[in-house]
Amino acid sequence: MSGAGDREAVFPTRQSLGLMKNKLKGAETGHSLLKRKSEALTKRFREITRRIDEAKRKMGRVMQIAAFSLAEVTYAVGGDIGYQIQESAKQARFRVRTKQENVSGVFLPQFESYTTEGNNDFGLTGLGKGGQQVQRCRETYARAVETLVELASLQTAFVILDEVIKVVNRRVNAIEHVIIPRTENTIKYINSELDELDREEFYRLKKVKNNKQRDNDAKELEAASKRRGSDKENTADDPGATDILGEQEDQDVIF
Amino acid sequence: MAAPPSAYKDRHFLAVIGDEDSVTGLLLAGIGHVTQPPDAQKNFLVVDAKTEISTIEQAFDNFTQKRKDIAILLINQHIAEKIRNRVDTYTEAFPAVLEVPSKDHPYDPEKDSVLRRVRRLFGE
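Keeping their order, the protein sequence lines are chains A and B. Take 1 as the starting number for the first sequence in the working numbering and just add one per residue. Take 1 as the starting number for the second sequence in the working numbering and just add one per residue.
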């Protein structure tokens, strides 16, 4: 019997059969939806990985240019400005904020860079000489950091999508390989069990009918034989039957 | 599933772990931030040849786990090499860890933790 497979613990009734059928339908719908979601996410994921690859290469170039402009500054200022800059850094001028983007129900955060106006920690850097180079270097680095921020949002999206795709695929597989077969097994089990009951019922009815028939036949037979017997008796007794109107004298009725 | 908004709402700053030139340049761009005294915490760490690996690891953990106001952590690739295990096992979305090239060490896509994950996922 199909009850051998993995199935849910239900009573084989028509009601639970209906429930199981609904469940199977729901599982199939969910499976197709999740599958589509996973495909949409994977498409997006591939696009993002391609863009990450490009952005990483671009970053290599941009950082090279930025490093070169810093070398220019060092040359123009004529000394190391590193300590001066590290000491005078107080408030971040370049900041990021995050906003969300919705890809088939998954929220992907995106970094967006912005600069706060008003505070300039490096007002005095390069005052003596090389101010122009310092200015240019700042602009170059600001552009470089913008590229980096862009790359960072791609990378964050990559990490999150990776995780979400794993979860969705796990669900798709769970439905496909566990829930649907189990529900189908349960339906098969209920069906076979119901058929069995049907056969039993049919057999019982047949038996009952047979019994009734037999009883009826027996009764009829008996009745018939009785009738015949009484007929025979009648016929047999007829000659010997006492003639109540005959000449035999009635016995005296004694009160 | 996706990270709740609270995970990144307050993250405004970038952090740097790098050699002197990279840090200087990025600070010039204006990402440097020092929190209010008394616990004046810098969001950058200058690494030179004398810096201990434990110091780098501590800074990495500090920027990635303790501080909740950092959105992106930039780390020079040759420094990431030193704490490669930490960087590779770091899988959180926030803050995003980004390996950047430095002046003396050109960028090598083969070593990047994210690109390696990309390669592994597509079975290359």
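Rather than coming from a laboratory, the hints here were simulated on the basis of the structure. These numbers were taken from a predicted model, which means no experiment stands behind them. Don't take each hint at face value.
Listed next, the in silico DSSO-like pairs over lysine-lysine satisfying Cα-Cα at most 27 angstroms (straight line) [stated by the list, open to error]: (1) K111(B) <-> K90(A); (2) K99(A) <-> K66(B); (3) K219(A) <-> K209(A).
Results of checking the hints against the structure:
no.: 1; hint: K111(B) <-> K90(A); in the structure: 33 angstroms, violated
no.: 2; hint: K99(A) <-> K66(B); in the structure: 23 angstroms, holds
no.: 3; hint: K219(A) <-> K209(A); in the structure: 15 angstroms, holds
Checked against the numbered hints given earlier, this structure breaks only hint 1.
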